[in-house]
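Visitor: One letter stands for each residue in the lines below.
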Amino acid sequence: GEDVEQSLFLSVREGDSSVINCTYTDSSSTYLYWYKQEPGAGLQLLTYIFSNMDMKQDQRLTVLLNKKDKHLSLRIADTQTGDSAIYFCAERRGRIYNQGGKLIFGQGTELSVKP
Amino acid sequence: DTEVTQTPKHLVMGMTNKKSLKCEQHMGHRAMYWYKQKAKKPPELMFVYSYEKLSINESVPSRFSPECPNSSLLNLHLHALQPEDSALYLCASSHITGTYNEQFFGPGTRLTVL
Chain A
1 GEDVEQSLFL
11 SVREGDSSVI
21 NCTYTDSSST
31 YLYWYKQEPG
41 AGLQLLTYIF
51 SNMDMKQDQR
61 LTVLLNKKDK
71 HLSLRIADTQ
81 TGDSAIYFCA
91 ERRGRIYNQG
101 GKLIFGQGTE
111 LSVKP
Chain B
1 DTEVTQTPKH
11 LVMGMTNKKS
21 LKCEQHMGHR
31 AMYWYKQKAK
41 KPPELMFVYS
51 YEKLSINESV
61 PSRFSPECPN
71 SSLLNLHLHA
81 LQPEDSALYL
91 CASSHITGTY
101 NEQFFGPGTR
111 LTVL
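Protein sequences, first through last, are from chains A and B.
Residue 64 in this note's numbering is what sits at position 64 of the first sequence, and the numbering runs on without skipping anything.
Residue 114 in this note's numbering is what sits at position 114 of the second sequence, and the numbering runs on without skipping anything.
These are calculated hints, taken from the structure and not from any lab test.
Misleading hints may appear alongside valid ones.
Some chain B residues judged to face chain A by a derived CB distance under 7 Å, without partners named [unchecked claim]:
#, residue
1, Ala87
2, Leu90
3, Glu102
4, Phe105
5, Pro107
6, Gly108
Glycine included, every Cβ here is placed at the ideal spot set by N, Cα and C.
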């Protein structure tokens with residue numbers, strides 16, 4: 001995905017916290033999303049954050065947004081082996097009237113959780 | 001019903017075959033999308049339909065032909081594909097109006113072109 005960057009790999013121990021980082025370039029982006037993809041499956045929407053928010057918490061997931069630095073992070077508390085997957089951040093570029101918006105994806109971070 | 005379904009799950013075809021991928025949703029979404037995804041890469045947008053009309057074509061070769069027969073169905077017709085077209089094809093849908101417009105993805109069709 002052009003202009004959205006993520007580190008490719010992250011390895012953690014079960015029970016630790018995982019932090020997946022993402023940087024984007026379009027300051028006009030309105031919504032930013034985190035998707036999870038398990039092997040052989042489609043993309044599952046995990047959470048999203050509106051660009052005027054700094055933080056959003058949803059159970060074990062915490063999203064932090066630093067709009068000044070165009071930096072987005074996803075923290076997974078008490079990481080489990082079932083959290084092993086590829087995690088994509090995505091930005092929605094503005095609001096295209098009548099077109100539902102266009103998502104720009106990062107390259108994806110492969111999270112490996114070791115028991 | 002809060003899911004996007006896709007059929008078939010797997011498809012193997014020769015370069016001279018004609019086949020179709022199908023996608024269905026019953027969430028009342030009026031935007032539907034086709035993405036192509038290579039292994040361990042992000043999805044690449046191919047087409048967007050808004051209110052059953054093609055609104056975005058990301059310069060996709062004409063051997064891929066989308067069709068949106070009604071607000072719940074989206075097809076992708078395939079003809080004369082190349083081996084490099086082998087990939088996971090994902091369908092997604094979303095609202096157009098409203099606040100969040102998050103896209104919901106189907107499980108995908110794994111396509112192999114021989």
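Visitor: For each hint, tell me whether it holds in the structure or not.
Guide: Structure-based check of all given hints:
1. Ala87: violated (13 Å)
2. Leu90: holds (6 Å)
3. Glu102: This hint holds: glutamate 102(B) lies near chain A, its Cβ roughly 6 Å from the closest one there, short of 7 Å.
4. Phe105: holds (4 Å)
5. Pro107: Where the cut-off is 7 Å and the nearest Cβ of chain A is about 4 Å from proline 107(B), the hint holds.
6. Gly108: holds (5 Å)
Checked against the numbered hints listed earlier, the structure breaks hint 1 alone; every other hint is satisfied.
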